[in-house]
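*Asks:* If you read the sequences in order, they're chains A and B. When the first sequence is numbered by this note's numbering, its final residue is 111 and no position is left out of the sequence of numbers. When the second sequence is numbered by this note's numbering, its final residue is 114 and no position is left out of the sequence of numbers.
By construction, these hints were calculated from the structure, which means they are not laboratory data. Positions of the beta carbon are idealized from the N, C-alpha and C atoms, including for glycine. Don't take each hint at face value.
[Stated by the list, open to error] For the chain A half of the interface with chain B, some residues (derived, Cβ under 7 Å), not all of them:
#1 Gln42
#2 Gly43
#3 Leu46
#4 Lys98
#5 Phe101
#6 Gly102
#7 Gly104
#8 Val107
#9 Ala111
[Stated by the list, open to error] If you only want the chain B side, here are some residues facing chain A, beta carbon under 7 Å, derived:
#10 Gly40
#11 Met41
#12 Gly42
#13 Leu43
#14 Gly77
#15 Val88
#16 Phe90
#17 Pro96
#18 Phe105
#19 Asn107
[Unchecked claim] Listed below are the simulated PhoX-like cross-link pairs for lysine-lysine, each with C-alpha atoms no more than 25 Å apart in a straight line:
#20 Lys98(A) with Lys58(A)
#21 Lys57(B) with Lys98(A)
#22 Lys98(A) with Lys14(B)
#23 Lys71(B) with Lys57(B)
#24 Lys98(A) with Lys71(B)
#25 Lys58(A) with Lys69(A)
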Amino acid sequence: AQSVTQLDSQVPVFEEAPVELRCNYSSSVSVYLFWYVQYPNQGLQLLLKYLSGSTLVKGINGFEAEFNKSQTSFHLRKPSVHISDTAEYFCAVRNDYKLSFGAGTTVTVRA
Amino acid sequence: NAGVTQTPKFRVLKTGQSMTLLCAQDMNHEYMYWYRQDPGMGLRLIHYSVGEGTTAKGEVPDGYNVSRLKKQNFLLGLESAAPSQTSVYFCASSYPTGGLSPLHFGNGTRLTVT
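Taking the hints into account, I'd like the entire structure generated from these sequences.
*Replies:* As structure tokens, this is what we get:
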């Protein structure tokens with residue numbers, strides 16, 4: 001079974017600074033990767049996904065992620081964060097027709 | 001559209017009590033899922049369903065049962081609650097593309113078992 005590991009449990013960042021959230025996946029012949037975001041007291045919503053093609057994937061709210069096969073990584077980035085980006089972020093991998101999620105990274109944006 | 005609706009939003013149970021969590025979706029999705037979310041562990045799949053009348057076990061199915069009698073509803077039951085089942089439970093639904101299309105999540109049910 002495939003799995004993902006999120007390398008940071010908490011990431012504090014100042015407003016307008018860049019942020020990178022790291023995600024590594026277990027290797028496989030083909031892999032489908034996702035980033036979801038969870039705002040306080042809400043369910044998760046899809047930020048972006050990598051299925052095939054370009055390794056740089058753009059998502060909603062100015063986020064992007066880069067699929068790196070040689071490093072088995074799928075890191076999420078945003079060049080300039082806002083207070084409203086405070087949330088928990090989950091990396092996920094398709095696993096036998098279901099999604100398996102990482103443990104999550106809590107991003108706290110401070111003014 | 002309401003999307004995915006979970007009821008109740010909060011519940012406190014005593015050990016040994018039973019309850020049913022209801023998930024309803026109005027998007028005509030084939031697939032439905034129940035996850036539990038615990039600090040530092042992300043979301044873990046309890047059970048899922050690929051269509052009306054079908055259910056299957058996920059990663060952590062013990063102590064839970066599910067039913068999908070109608071396409072729009074997916075029920076999660078706890079027959080005899082235990083403190084280890086204290087968690088936030090999320091229901092999700094999606095089109096039948098094996099996880100490639102977005103999962104639509106409800107807002108969660110926070111369950112405490114004392």
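*Asks:* Would you mind marking each hint as holding or not holding in the structure?
*Replies:* Right, here's what the structure says about each hint:
no.	hint	verdict
1	Gln42	6 Å, holds
2	Gly43	3 Å, holds
3	Leu46	4 Å, holds
4	Lys98	6 Å, holds
5	Phe101	4 Å, holds
6	Gly102	5 Å, holds
7	Gly104	5 Å, holds
8	Val107	15 Å, violated
9	Ala111	26 Å, violated
10	Gly40	6 Å, holds
11	Met41	6 Å, holds
12	Gly42	4 Å, holds
13	Leu43	4 Å, holds
14	Gly77	20 Å, violated
15	Val88	10 Å, violated
16	Phe90	6 Å, holds
17	Pro96	9 Å, violated
18	Phe105	3 Å, holds
19	Asn107	5 Å, holds
20	Lys98(A) with Lys58(A)	23 Å, holds
21	Lys57(B) with Lys98(A)	11 Å, holds
22	Lys98(A) with Lys14(B)	32 Å, violated
23	Lys71(B) with Lys57(B)	18 Å, holds
24	Lys98(A) with Lys71(B)	18 Å, holds
25	Lys58(A) with Lys69(A)	17 Å, holds
In this structure, the earlier hints numbered 8, 9, 14, 15, 17 and 22 are contradicted, and the remaining ones agree with it.
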